[in-house]
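> Chains as they are written, first to last, in my numbering: chain A, 1 to 628; chain B, 1 to 628.
One or more of the hints may lead you astray.
Which bits of chain A does chain B cover? Going by a derived footprint, with three or more residues having C-beta under 8 angstroms, they are [what the hints assert, rightly or not]:
1. 42-50
2. 298-310
3. 451-463
4. 545-552
Calculated Cβ distances over 12 angstroms to all of chain A for the following chain B residues [to be verified]:
5. His10
6. Gly23
7. Ala65
8. Ala125
9. Val277
10. Glu316
11. Glu552
12. Lys610
13. Asp620
What the hints contain is simulated information worked out from the structure, not anything from laboratory work.
Just so we're clear, the structure is a prediction, and the values are computed from it rather than from any experiment.
Each residue gets a CB set at the ideal place from its N, CA and C atoms; glycine is no exception.
Protein chains: 2
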Amino acid sequence: MQNFESLVSHDMVPLLEKGREDGVETIWDRVQSMKAQCGFGLKGLCCRICAMGPCRISPVPGKGASRGLCGATADVIVSRNLARMVAAGTASHSDHARGIIHLLHQASKDGDYKIKNVDKLRKLAAEWNIDTEGKDIYEIGHIVAEAALENFGKPFGEIKLPEAVPEVRKELWRRENIMPRAIDREVVSIMHSTHIGCMADAEEMLRMALRTSLADGWAGSYMGTVISDILFDVPKATKTESNLAVLEENQVNIILHGHEPSLSEMILLAVSDPGLVARAKEVGADGINLVGMCCTGNELSMRHGTKNGGNFLQQELAVITGAVEAVIVDVQCILPSLADLTKKYHTDFITTSPTARITGATHIEFDEGNAYESAKSIVLKAIENFPNRDKEYICIPDNRTEFMVGYSVESIIEHLDKAANENEKGSLMPLVGAIAGRKIRGVAALVGCNNPRIKQDYNHIKIAEKLIENDVLVVATGCSATALAKAGLVNIESAKLAGDGLKSVCEGLNIPPVLHMGSCVDISRILQLTGEIAKLLEVDISDLPVVGVAPEWMSEKAVAIGVYVVATGIDTWLGVLPQITGSEKVVNILVKDVEDIVGAKFFVETDPIKTAEQIVERMDMKRRRLGI
Amino acid sequence: MQNFESLVSHDMVPLLEKGREDGVETIWDRVQSMKAQCGFGLKGLCCRICAMGPCRISPVPGKGASRGLCGATADVIVSRNLARMVAAGTASHSDHARGIIHLLHQASKDGDYKIKNVDKLRKLAAEWNIDTEGKDIYEIGHIVAEAALENFGKPFGEIKLPEAVPEVRKELWRRENIMPRAIDREVVSIMHSTHIGCMADAEEMLRMALRTSLADGWAGSYMGTVISDILFDVPKATKTESNLAVLEENQVNIILHGHEPSLSEMILLAVSDPGLVARAKEVGADGINLVGMCCTGNELSMRHGTKNGGNFLQQELAVITGAVEAVIVDVQCILPSLADLTKKYHTDFITTSPTARITGATHIEFDEGNAYESAKSIVLKAIENFPNRDKEYICIPDNRTEFMVGYSVESIIEHLDKAANENEKGSLMPLVGAIAGRKIRGVAALVGCNNPRIKQDYNHIKIAEKLIENDVLVVATGCSATALAKAGLVNIESAKLAGDGLKSVCEGLNIPPVLHMGSCVDISRILQLTGEIAKLLEVDISDLPVVGVAPEWMSEKAVAIGVYVVATGIDTWLGVLPQITGSEKVVNILVKDVEDIVGAKFFVETDPIKTAEQIVERMDMKRRRLGI
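Construct all of the structure, not just a fragment, from the sequences and the given hints.
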């Protein structure tokens, strides 16, 4: 175990020990067995784009090849590889959104999927100039869905952006030729430009990456969130619990893991089905315990206060508890290792999406056209598995933590309204006032993954602690939000850890110093927040003391996020070195020159304390420039 | 030089020698300096899909890591990498088509781009049920363009396929769940499914690759060809010349290299501009000599009989002649090494497309809205460069070869009509008769690139020679067609090299035994040909004695092509080992199991003679099954 202690959260050690006794492998074992990583790959200097290669460029001039067979330089290879990561990340978020929009298109009054938030639908319809006069709400929903789908494939003009984007920012995007045209088209453009014999200019390549990423943040992800809110309602602040302790000793434990609310909302309904609850009791359980994980965990807790079992690095550990009847998954961030791992326990591993079939899993394709019945059949499988549990070998950790969740922009405004004077009701103006008055120094968005190469959750937590101490309001999503929730930073009481300014705001509004704003696609809520603040202050987003931080990122989605956050004008700190160091030019563009284009840049800092210090310094600089 | 002789075409040796004297580097130098290639990459066992990695899987069980950090097995990693190649290839072809369709949308009676083939436009409009009654031809063109653009982004239903696809094949695609929905969407689907934590099943991954590739072959590429024909006319058989000898000692030599006819058609007009011709004479040249290269060379020769300077591996050699005033490029297969290489000579290297900027090139963005003037300004730059030529250092090889080109399906039917009886006019029936009567044993499509790791053009030529000797009609596109043209196989006289059956057909129709059918997107012409033949015989395409061969492929486009050809039901031979050998499962699916899905499979054979023998054997088997 010694080897792992530097990498796993302390409270996870007993589970790792159990896993070792059980003779199973975890991601930390694989970190060990992978040994040295490829130096070319780490530097971004490996090109596998055509079959003349693979080519690997020497980082040392005069030693080894300095160009690929086609003549591609380090700058070209590194920038192409990075652009493809942005394309894949954008594709993933946006394809998720596409699914949600199709759900809205098939929603009906008597169907399994209904429209729960009519106000938000009407607001979007008005924003898109859709004539709703005399139309039934579902009819409007279908028209809005069709309009939303246009954003993926519209053949002419610009992408349709939300109202929250300040005009000045749109003009910048047009001027810099990074205004997206359509989501799918931008992904395809990168795939084309990165083909052999196309783009061989790092700056132009990265400009395309900026453009594509904006299609993710402000269209794909953004629509994903908005339409999810229309279908499943806008989240409101609520209290719930996190970490693997939420697994119940004598209940049918179902881990719901992945990303798409289409599945999770229906499974949530199914676990309350009286027939299924009765069946659970018949097989000897006290009930059915639904536990979310990763972004599905965030989606469920945001809207329903469902308990959250943990983040990315806990999916294997959940199985090792021996107390999980089924891990039900849809798409993204599902470790394929679960197929083998679950076989060592009684756990059913059930894939549900054609986008993510996994060899060795049981595939029960989730049928959105018959969603409730489909969800019930999946839940039933978990229930029937309960008697197979080996009660002797259950180990549920004792690390339950309460946290607050559900801070949509609407919910934040609701909190502000309670403290606001009459003129400022229904607006973010009181928050703007707190920032202008320096009670809040700035806003930091903590986002992104776990990465098994660095200590689990540690950087998320250290950065957040230091930031709130310095009066920086932290807004968090995804695995970062869960890490902070588990650490106890996402509750009302932790306001005491904040600096005096932030503490007074938290106490006044009855909010935590770290606001859980949802899943990774919900970073769009943070975009909305910053866009609205900039508009209220009549400045550009890049003028605000607002930053993004991805302390433990690992996925291509995180790359797309980082790039669209910077393209939005928000400085972004990365705690994991991207695979770009083989090109000084690419590094310089990202940590320096890109600021001339979009007014923000990347900072790479692996030390969490230094990260927080740099952020505070940068915020103070922005505040000085704003004269606040 | 000794090292290179095994890799370059014999007639290119003097140019390589000159290059060495000139102190410049070519792709063969880079092959030497790259030394050993990465064994993981070659086997497809390298994964750079997330920042937990890069991961490399050991091909030897028990030695090194057997899974990536996420748990991805060799099967998963290899299949994901391959699928991404298909996505990139599909994106490239289809984005090319998108550009052409936008041109049709902006075509006008008085504009630079006109509609030259009204019949083909009307035929397409009718096929797509577009009401043309009382509409001006340009109005119809714009409606057709909009309908074509829908195929990239349609949010519902299936992709719109051409009439040439037999019903039985469409049913198969639906049954096997590989019927594409929309071009861009399929590319995005693969990028999503290959994201970390999504698809981890080799068979399902490859099924997605099949679906996506079909969107390339039967939609992206297909529409690219059809709409190019509408704008620039359907190719007709014509004679021209190939190889670098077509450069002229005392003319302004312009190499036009890349893929998109939007640029090349306009440059072709510009070089005849009287003002520019006069200017060329003023600077001391006898005239302007436009020479096509790679697929742009094929596009130009197909429609205008423009001379073709050569294929992929000759782009650097063209510059080394010292006789080229400008290399004008658009997208795909442009060696970025040209930027440095042209600086050693007087040659201007001009990029024109935002999709393919190249550091070190002169970028003159081609303005399609002001196309003729834009083309003239680019040509003028070449002319003004003529006086900078160093006449002492010119070396133009003496390897001019005549060849026939322009065999669109329409042109083939025109040839057949001359020999056909009254009932069979306007149809491919006489060709079907020749196949059924075994004058033609079968049809082999020779396609794809050069690859500097194997001897330039050699495999293309050897395979074609052996096939025509065995009465196999060869249809060729892309760099393969140019290789065969240079070898003298694409002319009427070479019928004498054919077996008796094929020879009699060639003589009767006055055609070569190798038909040059165009650029790489024009493989759609071959699809059309096979689809129509299958329909006439009332069988599926997979029943026909028709094969695809990519002897020297290297690009991701070639991967997409190979996959859609197989998905179409046509067995395909690869002369270069794909990077898949790290997964026995993936290999087995591609060379065996895929036949159960689509009725065709891959053959990997690096020996050209064995390739031809296998093809003949397979054709005879198909003939026996058909009872012909």
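> Now tell me, hint by hint, if it's right for this structure.
We went through each hint and held it up to the structure:
Figure legend: the region 42-50 of chain A, annotated as covered by chain B; annotation consistent (5 residues with Cβ-Cβ distances under 8 angstroms, at least 3 required). Counting residues of the region 298-310 of chain A whose CB lies closer than 8 angstroms to any CB of chain B gives 0, so the stated coverage by that chain is violated, three being the minimum. Proximity of the region 451-463 of chain A to chain B, defined as three or more residues with a beta carbon under 8 angstroms from a beta carbon of that chain, is established by the 3 residues found. Only when three residues or more bring their CB closer than 8 angstroms to a CB of chain B does the claim for the region 545-552 of chain A stand; here the count is 0, and the claim is violated.
Listed as a non-interface residue, B:His10 keeps its Cβ farther than 12 angstroms from every Cβ of chain A; the least gap is roughly 21 angstroms. Distance check on B:Gly23: its Cβ is at least 16 angstroms (rounded) from any Cβ of chain A, clearing the 12 angstroms threshold; non-interface status holds. With a cut of 12 angstroms on Cβ distances, B:Ala65 falls inside the contact zone with chain A, its closest approach being about 5 angstroms. Once the 12 angstroms rule is applied to beta carbons, B:Ala125 is consistent with being away from chain A; the minimum gap is 18 angstroms.
Listed as a non-interface residue, B:Val277 keeps its Cβ farther than 12 angstroms from every Cβ of chain A; the least gap is roughly 31 angstroms. Not every beta carbon of chain A lies more than 12 angstroms from that of B:Glu316, the smallest distance being close to 9 angstroms; the non-interface claim is violated. With a least CB separation of 10 angstroms from chain A, B:Glu552 falls inside the 12 angstroms interface cut-off, contrary to its annotation. The beta carbon of B:Lys610 sits about 20 angstroms from the closest Cβ of chain A, which is more than 12 angstroms, so the claim that it is off the interface holds.
In this structure B:Asp620 is separated from chain A by more than 12 angstroms, as the shortest Cβ-Cβ distance comes to about 30 angstroms.
The structure shown violates the earlier hints numbered 2, 4, 7, 10, 11.
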